[in-house]
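For reference, the chains in residue letters:
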Amino acid sequence: MEKVGAVMVVGAGIGGSQASLDLADSGYKVYLIESTTSIGGVMAQLDKTFPTNDCAMCIVSPKLVETGRHQNIDLSINCKIQEVSGEAGNFTVKVLKKSLFINQDKCTGCGVCGKECPVEAIDIFNEGLAKYAATSVRYPQAVPLVYAINKDYCIGCGICAGVCKAKAVEYDLEDEEVDLNVGAIILSPGFDEYVPPKANLYGYGKYKNVVTSIEFERILSASGPYAGRVLRPSDGDVPEKVAFLQCIGSRDFSGSGNPYCSSVCCMYTAKEAVIAHEHMHQIKPTIFSMDVRAYGKDFDKYIIRAQEEYGVQYIRSRISSIQEVPETNDLRIRYETEDGKVKEEIFQMVVLAVGFNPPNDAKYLAEKFGIELNEYNFAKTDIFNPVQTSKPGIFACGAFSSPKDIPDTVTQASAAAGCVNQLLYDEKGTLITEKSLPPEIFVNGQPPRIGVFICHCGINIGGFVDVPEVTRYAKTLPNVVLSDRNLYTCSADTQTIIKNMVKEYHLNRVIVASCTPRTHEPLFQETIREAGLNRYLFQMANIRDQCSWVHMNEPEAATEKAKDLVRMAVNKARKIQPIDRIKLSVTPKALVVGGGISGMAAALNFASQEYETYLVEKQDKLGGFANNIYHTLEGGDVQAFITDLIKKIESHEFIHVYKEAEIENIDGYIGNFKTSIIYGKNKEKAEFEHGVVIVATGAKEYQPNEYLYGQNDLVILQSELEKILNTSDDIKKKKSIVMIQCVGSRNDEHPYCSKMCCAEAIKNALLAKEKNPDVEITVLFRDIRTYGFKEKYYRKAREAGVIFIQYDENDPPKINVEDSELRVEVKTARHDTINIKSDWLVLSAGIYAIREENEDLAKMLKVPLNDDNFFLEAHVKLRPVDFATEGVFVAGIAHCPKTIEDSIAQANAAVSRACTILSKEEIEAEGKTAQIDMSRCIGCGMCIENCAYNAIELIDDRRFGRVAYINQALCKGCGACSGNCRCAAIDILGFTGEQIFSMITGRVS
Amino acid sequence: MGIEIKNQEIENQMRELARNLLNEKKVDVIIGYAKGTVPLSSAPIMITNEEDIDKLIWNNLCYINLAKYLVPRIPQLIDPEGNNLKVGIVSKGCVGRALIHLAVEKQINLDDIKIIGIPCNGIINRKKVEKEIDEKEILEVSASGNDIVVKGKDFEQKFPFDEYINELCKVCKVKSPPTDASISEACVGECQEISNLEDDFADLAEFEAKSSKEKWDYIKDLLKTCTRCYACREACPMCYCNLCFVDQNKPIWFGKTTELSDIIVFHLIRAMHLAGRCVACGACSSVCPMGIDLNLITRKLEKMVKERFDFTSGIDSETLPPMMSFNMDDEQEFMLEED
Amino acid sequence: MTVKNEQEAEKSEEWEPKIIAFLCNWCSYAGADLAGVSRIQYPPNIRIVRVPCSGRVNPYFIVKSLTDGWDGVVVSGCHPGDCHYLTGNLVARRRFAILKELLEFFGIEPGRVNFMWASAAEGERFAVLIRKATKIVKELGPNKKFEKKW
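Residue numbers (my numbering), protein chains in the order written: chain A, 1 to 1005; chain B, 1 to 339; chain C, 1 to 150.
Quick caveat, the hints were computed from the structure, so don't treat them as lab data.
Bear in mind that the values here come from a model prediction, so they are computed numbers and not experimental data.
Heads up, the beta-carbon is just placed ideally off N, CA and C, and yes, glycines get one too.
Honestly, I wouldn't trust all of these hints.
Pairs of lysine-lysine residues, derived as BS3-like cross-links and limited to a Cα-Cα distance of at most 25 Å, are as follows [what the hints assert, rightly or not]:
{"id": "1", "chain 1": "C", "residue 1": "Lys138", "chain 2": "B", "residue 2": "Lys210"}
{"id": "2", "chain 1": "A", "residue 1": "Lys862", "chain 2": "A", "residue 2": "Lys700"}
{"id": "3", "chain 1": "B", "residue 1": "Lys220", "chain 2": "C", "residue 2": "Lys145"}
{"id": "4", "chain 1": "B", "residue 1": "Lys250", "chain 2": "A", "residue 2": "Lys928"}
{"id": "5", "chain 1": "C", "residue 1": "Lys144", "chain 2": "B", "residue 2": "Lys215"}
{"id": "6", "chain 1": "A", "residue 1": "Lys428", "chain 2": "A", "residue 2": "Lys3"}
{"id": "7", "chain 1": "B", "residue 1": "Lys220", "chain 2": "C", "residue 2": "Lys148"}
{"id": "8", "chain 1": "C", "residue 1": "Lys135", "chain 2": "B", "residue 2": "Lys224"}
{"id": "9", "chain 1": "B", "residue 1": "Lys220", "chain 2": "C", "residue 2": "Lys149"}
{"id": "10", "chain 1": "C", "residue 1": "Lys149", "chain 2": "B", "residue 2": "Lys215"}
{"id": "11", "chain 1": "B", "residue 1": "Lys224", "chain 2": "C", "residue 2": "Lys145"}
{"id": "12", "chain 1": "C", "residue 1": "Lys144", "chain 2": "B", "residue 2": "Lys210"}
{"id": "13", "chain 1": "B", "residue 1": "Lys256", "chain 2": "C", "residue 2": "Lys149"}
{"id": "14", "chain 1": "B", "residue 1": "Lys55", "chain 2": "A", "residue 2": "Lys859"}
{"id": "15", "chain 1": "B", "residue 1": "Lys213", "chain 2": "C", "residue 2": "Lys148"}
{"id": "16", "chain 1": "B", "residue 1": "Lys213", "chain 2": "C", "residue 2": "Lys138"}
{"id": "17", "chain 1": "A", "residue 1": "Lys575", "chain 2": "B", "residue 2": "Lys256"}
{"id": "18", "chain 1": "B", "residue 1": "Lys106", "chain 2": "A", "residue 2": "Lys862"}
{"id": "19", "chain 1": "C", "residue 1": "Lys145", "chain 2": "B", "residue 2": "Lys256"}
{"id": "20", "chain 1": "C", "residue 1": "Lys148", "chain 2": "B", "residue 2": "Lys250"}
{"id": "21", "chain 1": "C", "residue 1": "Lys148", "chain 2": "B", "residue 2": "Lys224"}
{"id": "22", "chain 1": "C", "residue 1": "Lys148", "chain 2": "B", "residue 2": "Lys215"}
{"id": "23", "chain 1": "C", "residue 1": "Lys18", "chain 2": "A", "residue 2": "Lys575"}
{"id": "24", "chain 1": "C", "residue 1": "Lys149", "chain 2": "B", "residue 2": "Lys213"}
{"id": "25", "chain 1": "C", "residue 1": "Lys135", "chain 2": "B", "residue 2": "Lys213"}
{"id": "26", "chain 1": "B", "residue 1": "Lys86", "chain 2": "B", "residue 2": "Lys26"}
{"id": "27", "chain 1": "C", "residue 1": "Lys148", "chain 2": "B", "residue 2": "Lys256"}
{"id": "28", "chain 1": "C", "residue 1": "Lys132", "chain 2": "B", "residue 2": "Lys213"}
{"id": "29", "chain 1": "B", "residue 1": "Lys220", "chain 2": "C", "residue 2": "Lys144"}
{"id": "30", "chain 1": "A", "residue 1": "Lys583", "chain 2": "A", "residue 2": "Lys63"}
{"id": "31", "chain 1": "B", "residue 1": "Lys215", "chain 2": "C", "residue 2": "Lys145"}
{"id": "32", "chain 1": "C", "residue 1": "Lys132", "chain 2": "B", "residue 2": "Lys220"}
{"id": "33", "chain 1": "B", "residue 1": "Lys303", "chain 2": "B", "residue 2": "Lys173"}
{"id": "34", "chain 1": "C", "residue 1": "Lys18", "chain 2": "A", "residue 2": "Lys475"}
Label-pair distances were calculated between CB atoms; the ranges are [said to hold, decoys possible]:
{"id": "35", "chain 1": "B", "residue 1": "Leu204", "chain 2": "A", "residue 2": "His281", "range": "43 to 51 Å"}
{"id": "36", "chain 1": "B", "residue 1": "Asn83", "chain 2": "A", "residue 2": "Lys683", "range": "32 to 40 Å"}
{"id": "37", "chain 1": "A", "residue 1": "Lys859", "chain 2": "B", "residue 2": "Ile78", "range": "32 to 40 Å"}
Only chain A is shown next, with the shape it has when bound in the complex:
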């Protein structure tokens, strides 16, 4: 069967969007299928994200806009999957595109229909907390910005069709069915939130001031129902005491909830508590939780900050019921304190931290695509490759396979794309089309001939701004040779008009005065490019979103403002010049630093796409720390897996393995690196060129000084126990084992969770119990962090009789040696002291990174380390495997402690990100970059320190001496360098000093 160079992505949340962008950027045709009417999923609903408190909309919206207008992405909304046939490499999917009753090609998203619609329907996006019309978009920044009519609410009054000047409303528009032929499929339908059943113990749906966490998220949001003020639904008062209840619908083995842990609730609850307090200082949040599962990068620090800086109070208790105080609508909570007393407290509001359910249509999708689901109805995935479903060629990412947060979702999305690359690499570029464009008209040195097109936007602008007057005014401005107005400047027919006018009037600058450049600039740029003008000879004046819509009651002032905005655009247009994007060649080879599981997985993926790969390992054998691991908690045979992997790597024709290797130097930048190493026993030298780098250097197991480790032979590490259990029967002679968790983790020196230790301890405890059911095992812990489906094994361990005792970090267990016997003394939460005789004391040692080891590499690659010496990615949420320095990526434990399967996912993700570079012969640099005037530069180095992308360095120029040099491949054009430059030696193309000067000056008073 012939392979197809197209991919279908089902579900356009942040995961689906990321996977689509990766694949589209790597040369595949992508069909992105979304069931709702806009993309962005749950992330677009969030106010802020942990642990950085980034504004979700700020960071996600550029990505959504890019997805919406990517040349290689075919986005379809309001769709349903009908039928799937075929196999890996060649599937055919029948998709039903349900009618929006508004013609997508004609709708300009102006929103008049929604405003005029007389029927109010429930708004899903704001979780029912605000009202929207039957004709609506899901949220104001929706991509694509087209309206849809909800036929369930529509009364057919015809008003919307009447007011739509674009004639986009078509009540008789019918559903459409299409067959799409693709080589691979990525499923990213996300999750559905757990909805507490009505009349439950928590009074959800009955008591007004009990809300779910997603509802609370909308309450927090600046674009939410109360504009970011935290008010309680019953009376709009500011709640003083807010209780957050964890594990609603999660870790529930008896009730109506799910037995697994939803992985993210502990963190999002901490975030919501912090943000609530930040929005309104009078709010005092209390969080009721069992274990606090802050297992991710920098999560524990966030929890500590929540407590110390925001006064968030944690109470370790699971609440069983809530009662409303009828007079005040306050809520009464009874709980048991840690020392066993029962307390009662009144709260003004209660937030239920609801967990994740599999998506409602999980079974439907599984059946259609022929994939298996797991016991919880999430997608079943491969034990070592968490994005591989049970069917070859079909991948799953994000919360569809297990509850997970945004960075893990984004990582998996890229990982799925990385796996698609392995399958379809030789079909890359076969189905994408490149537009043929006329040669650019040479305009340099010619006086500006400016054409101004002013948009009525139906009545959106024309109803408040005197458009004819603005058009007349524009004509009077210097160098304006044409001033015209259109009903909708963005409509297809106006594009033809603009192109004709460019020819007829010999325009060499074009201005559109209409809506916002954030959504419409690319469209007009494309139009003038088709007319033969350089894309950058375009300017926009935002006279709708930033004028007519915000001054609806002051038409005269709005008209004056529109004139000013048009004049400023004309002034700038007179100073704009064509910009040629610089093209850089790419060496299609990869360097992978580190030969552990992540490094090997990455190398194998590159090599299977026939990219020559250099794998550099410090030790004399491959495998890294995984050499010490026998099984995963879920039963994966690590030794077999790793032996097979090493065999594949060492025999692969595209992989060059260098062991006992040390990197001497790495030079260059994205697409063009040059590395020299010394390797082997004989210290041989090697040099190679490559286009990308993957950092997979791993980390180390902590070697404890505490608990007599190294002094008493009965004290061993968890990894040592694992070896004993798997290679001997020594366990059969033992009567009692004590395990201590968090040794070298979550303390002052290593203030983070090592993530794997809880699972490792439970894994070993279960194996020990299996081999010797009589052995008594006691685990001393602070929080048990068996997140996700690992919760099952925690329960299994308890069922198997493993005893779990919580200890206080400030009063850790004490070890006494009596007659060469170990005795462990531990104080429980109820302040009883327990003494346990122990044959082995097993320490769950944490994972730590060594600054001295990582620093050299970090400096060579110009990438940062965090406070804990792990490598710091470009963006914690949305760029989890990228570095700010382009062309360099991170995978595995070098990034932070993580499991084997997560490391492999990250490796594949890093490869996918790297392939967006390697798949191109040339990469185009950003057009609007910083330019240096060397004759002005004095080489003070200020710009270098202020550049977030390491794009600037000092060079010795033959003519100008030591001056700054800006690498156009790395520059993003932010201008932080230029804003501080005393010599005005740096200018930013597209936003030059001259252009901004011309906008400030030349006012007509």
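Using the hints provided, position chains B and C relative to the given structure of chain A.
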């Protein structure tokens, strides 16, 4: 001890150090101060011969910041092959600060420089003295005991030294050049390790309490006589741009005239450019032919970076200056917020 | 109220300041768009100049705006931590802190130049702060300090 005796001690010590550096071939040239051609002044001097060492002087009129001659290097400090000569530079505290800051800005390399540290005891406020003397011609200025003695044709007037030194010198806490472990190689003579400078900036309190209008009026009055001769800029060791912002074109951001608003903008932007960089040497004020005293602005610059970023320019060679760095936790009390 | 005060009050009612606003492309400009999409009304005094990042805003832009007769200046960027370019707004914040203090030291009224953060989701906040800035500038009256005498 009288000032003249202290000066003599400093001068002797300085000559001795300079002589040794030249003799031991540790430097090729010494930059220092020589007697000025007119009273109330001093002049820079470059010495390559041991015999000329006695031309080096130290007194309270050595207002030039000698670091200025290193950036860009003047031809006298470069050998015929174009290589940098090794330079010994007589350094009072603020010259030392300038050298360190210039090293941070990668303008000089302290490996080919010897800092000849001297403990400065203050620079005479020329303008203040001239103002008192009025139109009369000054023939000689000297120090005696705790006084500055000004002699003319038919008069002699004494001024209390502590009152008639520069305002900046009155509050100066870095009398001799700062040094630290990484630059101690370059230092000879009297240099000091500075860990934490405390300053309450009490001298600014009165001005800062004024209303906007009063401040504006004061600034207008202060700068109204400025002729834009740029002597301040030329004397400033930190004004080393190839092309000063006032001389830039495309676009011409600010007017070049001596209309008062153009003058004020010049001084405002120049101050902006010196934030976190000004080493408070006062050379700008000392050289101003119109007698404009810029010390208030200088102090404000020091205060802003000290209070906001706990930074003092030119006292350690390892810390990045505030405009070259940033911090997530910087104060932002000045931002507009909702009520 | 005296006659003179009354006259002045009347005059200030007639007079409307012109304010130039430099907005970063990714957060504040988007926030201003959102204010529009949400039809949140605010005074029509501002003229927006789009810049890639608040880090692009050179002190020259601000001082030039004042000398060129704009009555007020607003600069708005992403909240610290949200910068599309990672740290551009942090670089800018230091620069603005110094510039604002210096302007005030030179006798420019504190309200002439206003720095603010507004995210892409904060249409309401954008409008609230622009209302506030407009009110402040209006109370200050016309910016005449840099008017040329010749």
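How the hints compare with the structure:
The hinted pair formed by C/Lys138 and B/Lys210 meets the criterion: a straight-line CA distance of about 22 Å does not exceed 25 Å. Pair hint A/Lys862 plus A/Lys700 holds up; C-alpha atoms about 23 Å apart against a cutoff of 25 Å. Proposed proximity of B/Lys220 and C/Lys145 is supported: the alpha carbons are some 10 Å apart, at most 25 Å. Straight-line distance between C-alpha atoms of B/Lys250 and A/Lys928 comes to about 19 Å, which keeps the hinted pair within the 25 Å bound.
With a CA separation close to 15 Å, the supplied pair C/Lys144 and B/Lys215 stays within the 25 Å bound. For the suggested pair A/Lys428 and A/Lys3, the alpha carbons sit about 10 Å apart, so the restraint of at most 25 Å is met. A distance of roughly 13 Å separates the Cα atoms of B/Lys220 and C/Lys148; the hinted pair therefore holds under the 25 Å criterion. The suggested pairing of C/Lys135 with B/Lys224 is violated, with an alpha-carbon distance near 33 Å, which exceeds 25 Å.
A threshold of 25 Å between alpha carbons decides the hint, and for B/Lys220 with C/Lys149 the separation of about 13 Å falls inside it, so the pair holds. With a C-alpha separation of about 20 Å, the suggested pairing of C/Lys149 with B/Lys215 holds against the 25 Å cut-off. Between B/Lys224 and C/Lys145, the direct Cα distance comes to roughly 14 Å. Compliance with the 25 Å bound is thereby established for this hinted pair. Under the criterion of a C-alpha separation no larger than 25 Å, the hint pairing C/Lys144 with B/Lys210 is consistent with the structure, at around 20 Å.
A distance of roughly 14 Å separates the Cα atoms of B/Lys256 and C/Lys149; the hinted pair therefore holds under the 25 Å criterion. Simply put, B/Lys55 and A/Lys859 have alpha-carbon atoms about 49 Å apart, too far for the 25 Å limit, and the pair is violated. A hinted pair counts as satisfied when its Cα atoms are at most 25 Å apart, and B/Lys213 with C/Lys148 qualifies at roughly 18 Å. The hinted pair formed by B/Lys213 and C/Lys138 meets the criterion: a straight-line CA distance of about 17 Å does not exceed 25 Å.
Note on A/Lys575 and B/Lys256: the hinted pairing holds, with a Cα-Cα distance of about 23 Å set against a maximum of 25 Å. The hinted pair formed by B/Lys106 and A/Lys862 meets the criterion: a straight-line CA distance of about 20 Å does not exceed 25 Å. Only pairs whose Cα atoms come within 25 Å are accepted, and C/Lys145 paired with B/Lys256 is accepted, the gap being roughly 17 Å. Distance restraint check for C/Lys148 and B/Lys250: the Cα-Cα separation of roughly 22 Å lies within the 25 Å cut-off, and the hinted pair is therefore satisfied.
About 14 Å separates the Cα atoms of C/Lys148 and B/Lys224, which keeps this hinted pair within 25 Å; it holds. Taking the CA atoms of C/Lys148 and B/Lys215, the gap is near 19 Å; set against the 25 Å cutoff, the hint holds. Of the supplied pair hints, the one linking C/Lys18 and A/Lys575 holds, its CA atoms being roughly 23 Å apart against a limit of 25 Å. A hinted pair counts as satisfied when its Cα atoms are at most 25 Å apart, and C/Lys149 with B/Lys213 qualifies at roughly 18 Å.
Taking the CA atoms of C/Lys135 and B/Lys213, the gap is near 20 Å; set against the 25 Å cutoff, the hint holds. Distance check on the hinted pair: B/Lys86 and B/Lys26 sit about 7 Å apart at the alpha-carbon level, within 25 Å; holds. The straight-line distance between the Cα atoms of C/Lys148 and B/Lys256 is roughly 12 Å, inside the 25 Å bound, and the hint therefore holds. Restraint check for C/Lys132 and B/Lys213: the C-alpha separation of about 22 Å stays at or below 25 Å, so the hint holds.
Taking the CA atoms of B/Lys220 and C/Lys144, the gap is near 14 Å; set against the 25 Å cutoff, the hint holds. For the hint pairing A/Lys583 with A/Lys63, the CA-to-CA distance comes to about 23 Å; that is within 25 Å, so the pair holds. Among the hinted pairs, B/Lys215 with C/Lys145 is consistent with the structure: their alpha-carbon atoms are about 12 Å apart, no more than 25 Å. A threshold of 25 Å between alpha carbons decides the hint, and for C/Lys132 with B/Lys220 the separation of about 30 Å lies outside it, so the pair is violated.
Straight-line distance between C-alpha atoms of B/Lys303 and B/Lys173 comes to about 13 Å, which keeps the hinted pair within the 25 Å bound. Our distance criterion of 25 Å between C-alpha atoms is met by C/Lys18 and A/Lys475, whose separation comes to about 23 Å. At about 33 Å, the beta-carbon gap between B/Leu204 and A/His281 misses the expected band of 43 to 51 Å. At about 37 Å, the CB distance of B/Asn83 to A/Lys683 agrees with the hint of 32 to 40 Å.
Under the hint 32 to 40 Å, the C-beta atoms of A/Lys859 and B/Ile78, about 33 Å apart, fit the expected range.
Violation of the numbered hints given earlier is confined to hints 8, 14, 32, 35; the remaining hints are satisfied by the structure.
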